[in-house]
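Protein chains in written order, with the numbering used here: chain S, 1 to 373; chain G, 1001 to 1373; chain B, 2001 to 2373; chain C, 3001 to 3373.
Calculated directly from the structure, the hints in this document are not laboratory data.
Just so it is clear, CB atoms sit at the ideal spot from N, CA and C, and this is done for glycine as well.
One should not assume that every hint holds.
[Unchecked claim] List of simulated lysine-lysine pairs, DSS-like, C-alpha gap at most 30 Å:
hint: 1; chain 1: G; residue 1: 1271; chain 2: C; residue 2: 3271
hint: 2; chain 1: S; residue 1: 30; chain 2: S; residue 2: 125
hint: 3; chain 1: C; residue 1: 3125; chain 2: C; residue 2: 3003
hint: 4; chain 1: B; residue 1: 2356; chain 2: C; residue 2: 3372
[Stated by the list, open to error] One-sided excerpt, in silico: chain S residues whose CB lies under 10 Å from chain C:
hint: 5; residue: 24
hint: 6; residue: 54
hint: 7; residue: 321
[As the list claims (entries may be wrong)] Far from chain G by the CB rule (all over 10 Å, computed), these chain S residues:
hint: 8; residue: 3
hint: 9; residue: 50
hint: 10; residue: 56
hint: 11; residue: 114
hint: 12; residue: 142
hint: 13; residue: 147
hint: 14; residue: 171
hint: 15; residue: 210
hint: 16; residue: 229
hint: 17; residue: 241
hint: 18; residue: 251
hint: 19; residue: 292
hint: 20; residue: 316
hint: 21; residue: 336
Protein chains: 4
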Amino acid sequence: MKKVRIGLIGTGYIGRCHAIAYAQASTVFKLKGEIVREMLAEVTPELARSKADEFGFSRATGDWRELVSDPNIDVVDICAPNFLHKEMALEAIRHGKHVYSEKPLALSVADAEEMTRAAQQAGVKTLVGFNYMKNPTSQLAREIIARGEIGEVVHFYGTHNEDYLANPQTPLDWHCQKALAGLGALGDLAAHIVNMAHYLVGDIEEVSGDMLTVIRQRPDPKDATRLLPVENEDQASALLRFAQGAHGVVETSRIACGSKMGLTYVVTGTKGALRYTQERMAELELYLHDDPAGRQGFKTILTGPAHPDYAAFCISAGHGIGFNDQKTVEIRDLINGIAAGDRMWPDFAEGLQVSKVLEAIAVSAVERRWIKV
Amino acid sequence: MKKVRIGLIGTGYIGRCHAIAYAQASTVFKLKGEIVREMLAEVTPELARSKADEFGFSRATGDWRELVSDPNIDVVDICAPNFLHKEMALEAIRHGKHVYSEKPLALSVADAEEMTRAAQQAGVKTLVGFNYMKNPTSQLAREIIARGEIGEVVHFYGTHNEDYLANPQTPLDWHCQKALAGLGALGDLAAHIVNMAHYLVGDIEEVSGDMLTVIRQRPDPKDATRLLPVENEDQASALLRFAQGAHGVVETSRIACGSKMGLTYVVTGTKGALRYTQERMAELELYLHDDPAGRQGFKTILTGPAHPDYAAFCISAGHGIGFNDQKTVEIRDLINGIAAGDRMWPDFAEGLQVSKVLEAIAVSAVERRWIKV
Amino acid sequence: MKKVRIGLIGTGYIGRCHAIAYAQASTVFKLKGEIVREMLAEVTPELARSKADEFGFSRATGDWRELVSDPNIDVVDICAPNFLHKEMALEAIRHGKHVYSEKPLALSVADAEEMTRAAQQAGVKTLVGFNYMKNPTSQLAREIIARGEIGEVVHFYGTHNEDYLANPQTPLDWHCQKALAGLGALGDLAAHIVNMAHYLVGDIEEVSGDMLTVIRQRPDPKDATRLLPVENEDQASALLRFAQGAHGVVETSRIACGSKMGLTYVVTGTKGALRYTQERMAELELYLHDDPAGRQGFKTILTGPAHPDYAAFCISAGHGIGFNDQKTVEIRDLINGIAAGDRMWPDFAEGLQVSKVLEAIAVSAVERRWIKV
Amino acid sequence: MKKVRIGLIGTGYIGRCHAIAYAQASTVFKLKGEIVREMLAEVTPELARSKADEFGFSRATGDWRELVSDPNIDVVDICAPNFLHKEMALEAIRHGKHVYSEKPLALSVADAEEMTRAAQQAGVKTLVGFNYMKNPTSQLAREIIARGEIGEVVHFYGTHNEDYLANPQTPLDWHCQKALAGLGALGDLAAHIVNMAHYLVGDIEEVSGDMLTVIRQRPDPKDATRLLPVENEDQASALLRFAQGAHGVVETSRIACGSKMGLTYVVTGTKGALRYTQERMAELELYLHDDPAGRQGFKTILTGPAHPDYAAFCISAGHGIGFNDQKTVEIRDLINGIAAGDRMWPDFAEGLQVSKVLEAIAVSAVERRWIKV
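Just chain S, with the same shape it has in the complex:
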């Protein structure tokens, strides 16, 4: 079986999730390639070595450039801070590596375009970590829509709300700095729900957005008596027009008290509707308007082996999969894509398309007018 040699850059929050997923992927799925946890890069050689041991990687380096140029790496997996995505991806592509990058693809549309073009010109494969669409429940949603079970989609409402910055005493961090994060809640969170909208309904053509920075200053992490400016939006909303004709709304917030994993959507069609919240990631609610009178209602479908990719984890319905399992599905797509040429999506082109929508929302909010994506 063809080996797929992974070079992982970054071992923070999401890097660790990747590592867990790499560890279990070949037991969960019959992969078309062999995962080789080849090399890991961190900011110092010591940390890299320690993390490599913890995550089961063979080699370690304190210099990511060494990793992206290593001849024994097939895929560069970028879990580094957002502002580094571009440079790392371009370097990896320059060395002919396939690239698996966390979202957001880049801090700007221009950067995302450069990266996408570079990958296309180099002929390397790409994948972006929009893992929520890999959940069997959302795959089921897409299947229901694609089969026309709810008719033609006429409306989409989606959110990605969290509350990690709800407390005004939380010190300023990179999320709030334009140079490091680009957009605020839009870039960090809404990227997921825009990708989901693409996945479920299709391209977004036009937006009218609004943004608000509620907590305009936060304590300096190094000196809590000093306040530093928050440079990007805490929350945003936008009206959407989809290419296929549906209208919609997308909202995002990083200060939405009570929303812990508030990726949600309601998709309304001419013959039915779907409702979903990631906080109940095993449940999809389906309404069919043609059900008999007196027997209409939203049905709560609990994900099980009858749905895409669930049975690989457990063959009984309702037993549940978790966040890292979504990543495992994603890594299945990565390995089968590299080793056997299976379709890898969402790729950089989709990451770019998401960036275009997010930037259009931000521009629209500033210019206070509709913007074509």
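Since chain S is already given, all that's left is putting chains G, B and C on it; use the hints.
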């Protein structure tokens, strides 16, 4: 005790709800005035007489003008079709009657302004039937916000979605005709959620709206082989800016498959959040961000005697009140307002303010730009 | 139309609910008889007069014996404390009155038997106030079961839990005294769920019960420094065997922290299942095992005009009815039963059957063995 | 770091879950020992080899006796069919191995006693796979109870219902045969909820049970025209008395239409209550009776890093863990127990105690009387 003599015009859907509420109101509440079901008007004397008997009204007439000019009427209660609200209200005011009108107040802002001005000049009292805000649960929501329990409101998301026109085979009726209904889902449904937004968060200053007519033709009710044009919107969405600084979104649809009573809201503050859906009208979900770590979460408060107006119906929590009971609270406000000068709200001025917001959304949708209310 | 002249005894908690229902019943339903609120009895003439005015009754008396013997009364409606039900009902029957009694019918099976026999011998009609089965939602549950939509019932789990005595500092009241209340939670609460089990599944033949008095002493209401013994059970559970072969469990508690209106049931059949909680009285959850693979799940049916008796209150689905509306359905049955001979159920015979089940549970709990009902 | 060499017997449903958990455990947790996937046994050498490759085990054998006697095995992990647990465990113990067995520990109390005694005498460590109690949510439930947050527990209601045999056309398999499965739903499913009751409330002292075999015959898997008898119960219920004084009920079914993962519990205390269903495994509902009037209600706590063991999987709340992650927590306990002497629970003694309760229920159901455990 002072008598409050009611003249009811219209006995359809909502007129019947008024009648039920009149029947029970004095048993439920210790009112400050005596309800006298004096006179009822319908389109024919026969129907009027029959409905008067059914609803417990003493006199009946086939001519509403007779009712509004009758010296023994104190309040004219308008449950007639929307396009008649203006004419009836103006005539009632001209005869010095207090006016209790169903929503929407009028088909246009100009009409609503004329009605509001006339009532102010005549010194009569007015009330508009935005009954959802009378539910103890939403009164509790307002109380929680007013006390600052969720901090300062930073975001409002509200909907009023139903699916009564989801089936494209449903024949055209007055809802779909501009001359009879004015706006579509905005006028018929969103009026409620805009009033609720006012009630919970305050004035809306600016909107960016979008509208869609999904089912552009419907069968002629007299000849199903012929299709007639639908003249107003099936669904609409708008970005909102509130005077107090919060942003928000309001959405409405009359073709939202699965939404039977989809008045919902999520109010997010700097210290907490509230979630509500009218389909679970006994439940308010409250989140407080200052709850101890590991014990945070949305708490489902079941309305009970500790909440406004509930105990009048039942002194045990969780036993539940219904739609007509909301109307009964509204009629309590009417009677106590007329008989004892208690505050009556939402009045015509609020009805006008709601119309302004709805019209701004519709204009914004056509002109594709932000509109100041 | 035939007049049905009501004599109401008692105006506390439930008497007030009856009064509200009488007030609205003839507006809600096209009744087959005319409700005449003829006479009201309370413990003093003054209270009786005041309540008669409040509830719209013509005459008042401080002596219930006067009411039950009055020639112008057709129905005696007993909302007095439980320990008086027997004496009042027997006297009313002796005077040839129809009797509408609140639950529990009596404090013991012997008393309930005497009352039932007396009514049968006198040929008067009877009705017991088990109002929860009048909710359109539970009527729908029965319809679904009767039509075989969930196959043959194989299991029933039901509760009636509340928490009105959860606080050990709540002073002793009549609920806790055998002479006034008979059983504790079983008599006060479980009566409803046992009636519901009869309604949905049929007769219960055998029980194995257990009871617990958790708070064994409570403050004397007249002297909080003194503790008085609690004489009956705070909570009880029982295994059930139904005549048609199903097994089941019923539970009850008056100290079930968090249960405000905890009448719930799960009915499992060979082809599906139903779930219900009275705290969401507009919702019935229906599961059908023959639904297609991948599309199975509990469907939340929101009560609407397609369901029994709902349309009388409102012709739109999901608008919701309340506790007093259930009583209004019950009073519709009363009036149509008396005026037109329609079936009145649950009658005294059912009240007796419920008592037999409850007493069997209590005896079983003491003797620690299965008891045939 | 000390190596813990695993010998896995069985690779069906649950064996596969173990394999996934072994694969990820050392990436998820900082373990105190090194997991060595040493050897795997299956019914043929070929299957064993193939599964060893799939699951990352070094060696393979077609003879489990070879595995349990291998000198390089520290722990024997028994995922074989239930009827083999006893023989395998005794052999493993005889060779001085630690034993990690799936539930139920054995087909009878006598067997479980023999196994428990053997392990104690041999001084080997044991663990039984009651994984549901390893979910952070249920660990949180225990923490809340242990801290007295809901007062003293007075009632426990628990279920483990599934519907895997709801269809009467499903052919007979080992679940329905006494010689292979012992008890029916009690052994296969209720074992989990009885363990959970022990974990949350403590020892059960006395039971009164009832059982029902609804589908008394099923098609022969080899000849669908022939029916074979079902030898054990499809569903069972029991009243419980706990050593600490609480009463309770436990129910189980393998034909409970609609229940896919119906492990649920409601724990009621003198000051609050907890509600849980495994189908929403990230949510615990907590009610505190001392909350202020008007602000009482069940709070839905979404599991997050503030709760036990969650942060090892993800450091953001609400992202969710899955069934296999519960197994991963269990394996953490196994490895830390073997390598560092940490407490391993539930051990064989607990498996035995569960068996005693289940057998008492079954005996009680047959003899129709209360049985002391």
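Evaluated hints:
1. 1271(G) with 3271(C): holds (27 Å)
2. 30(S) with 125(S): holds (21 Å)
3. 3125(C) with 3003(C): The hint holds at about 16 Å.
4. 2356(B) with 3372(C): It holds: about 28 Å lies between the C-alpha atoms, which stays within 30 Å.
5. 24: holds (4 Å)
6. 54: OK, holds: residue 54(S) within 10 Å of chain C, min 7 Å.
7. 321: holds (4 Å)
8. 3: holds (44 Å)
9. 50: At roughly 29 Å from the nearest Cβ of chain G, residue 50(S) sits farther out than 10 Å, so the non-interface label holds.
10. 56: holds (31 Å)
11. 114: Answer for residue 114(S): holds, closest chain G Cβ roughly 32 Å.
12. 142: For residue 142(S), whose nearest Cβ neighbour in chain G is about 18 Å away, the distance exceeds 10 Å, so it holds.
13. 147: holds (16 Å)
14. 171: holds (17 Å)
15. 210: Not fine: 5 Å to the nearest Cβ puts residue 210(S) too close to chain G.
16. 229: For residue 229(S), whose nearest Cβ neighbour in chain G is about 18 Å away, the distance exceeds 10 Å, so it holds.
17. 241: Violated, because the least Cβ-Cβ distance between residue 241(S) and chain G comes to about 7 Å, which does not exceed 10 Å.
18. 251: Nearest chain G Cβ is 6 Å from residue 251(S), so the label is violated.
19. 292: holds (14 Å)
20. 316: At roughly 28 Å from the nearest Cβ of chain G, residue 316(S) sits farther out than 10 Å, so the non-interface label holds.
21. 336: holds (36 Å)
Violated hints, in rising order: 15, 17 and 18; the structure is consistent with all others.
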